[in-house]
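Chemist: One letter stands for each residue in the lines below.
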Amino acid sequence: MDGTAVVADALGRVNRVLHRAIEGVPAEVLNKQPMPGSNSMAWLAWHLCRVQDHHISDLLEAPQLWVAEGWHEKFGMAKDEGETGTGHSLGQMAAVKVDSAGLSLGYADAVYERAKHYLATVTPEGLDAEINEPQYFPLPTVGVRLVSIISDNTQHAGQVMYARGLVEGFGWMNV
Amino acid sequence: MSTTSLYADALRRSDADLHRALGDLSTEDLRTQPAGKGSNPIGWLVWHLTRTRDNISSSIVKAPPVWESGNWAARFGMDENIPRFGPADVHQFDPKNLETLAGYFDAVAEKSLAIVEGLTDADMSRMVESTLPGRPAQPVTSRLAVILNDNIQHIGQVAYLRGLIREQGWY
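Residue numbers (our numbering), protein chains in the order written: chain A, 1 to 175; chain B, 1 to 171.
FYI, nobody ran anything at the bench for these hints, they're computed from the structure. Just so it is clear, the structure is predicted and the values come from calculations on it, not from any experiment. Using N, Cα and C, we set each Cβ at its ideal position, and we do this for glycine too. A hint or two may mislead.
Some chain B residues near chain A, calculated using beta-carbon distances under 7 Å [said to hold, decoys possible]:
| id | residue |
| --- | --- |
| 1 | His154 |
| 2 | Gly156 |
| 3 | Gln157 |
Covered by chain A, according to a simulated footprint, are these stretches of chain B (three or more residues, beta-carbon under 8 Å) [what the hints assert, rightly or not]:
| id | region |
| --- | --- |
| 4 | 10-16 |
| 5 | 32-42 |
| 6 | 158-165 |
Here are some of the chain A residues that sit facing chain B, going by a computed Cβ distance under 10 Å [to be verified]:
| id | residue |
| --- | --- |
| 7 | Gly76 |
| 8 | Leu127 |
| 9 | Val147 |
| 10 | Ile150 |
| 11 | Ser151 |
For reference, chain A alone in the conformation it holds in the complex (with noise of 0.2 Å):
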């Protein structure tokens, strides 16, 4: 296994997870605050699958997703490729809703598939190539981006289980 296979299979993973955490569950469900101040599942998968298109795009070359497939209009949203959600407010995160956990998956399984697509063109020589980010020292490589990739993503899908626990109530999951 090379070191995209390694990005793919982690990704993978987090794509089963989002299924697993929100696959089924009603849409003013996903919506809701499990606490107070805490975000939503749906802000939660959005966020994920937003920083995932976000980051793929760039390393393509590609407009986003978001825009080119128009799930901005599907979500109700502007058309924007800034807009991650990254130091939403409050009010910025309950305002992202989706009206069915189809949504929410039918977004992450394309931005999914994209970065199977994309990964698989990626040489292990070419993990190493470096992004054009003068703001960075040293200058970050693609590997270094796909593995920001994968932490952010796993985290935020293991805050979507949490909150799937929250809601449903505990031993949801039955390991």
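With chain A held as given, fit chain B onto it using these hints.
Modeler: Same frame as chain A, now just chain B:
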């Protein structure tokens, strides 16, 4: 970037997030169930993710876990037996204090990263027995993928809980 350094980098990055989330939390913060009765406290989550990483990484090199070799069982008062904490009794887990809990995590993080970085390409497909009874053996890559996924999810949960017990926007 080699496969082993990719695993190690992903763990290091998330470990730094865990330290940031733990910050200066009090022992009370570690014990509290901010999401109510039955919910996992930060202390238990950190102990659990560390135990998982300790057991799996040690099993890859057939070494005793740090829990045993570093005398951590005694430090947590669990040298007799290790309770299995469920929703009904997870509040009974005793994290001792941040120093002890983070001490165990740091010891396991250091050893597990050394194990990961010491693996060769040839090691990656070697089969490893599961640490849980009745589960099939898996190649080293799958064991590492489990550590990565399990640990980083729980680290995200710790960060989520910190947001609940401290102010929103701490991040």
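Chemist: What are the numbers of the hints the structure violates, in ascending order?
Modeler: Those not satisfied come down to hint 7.
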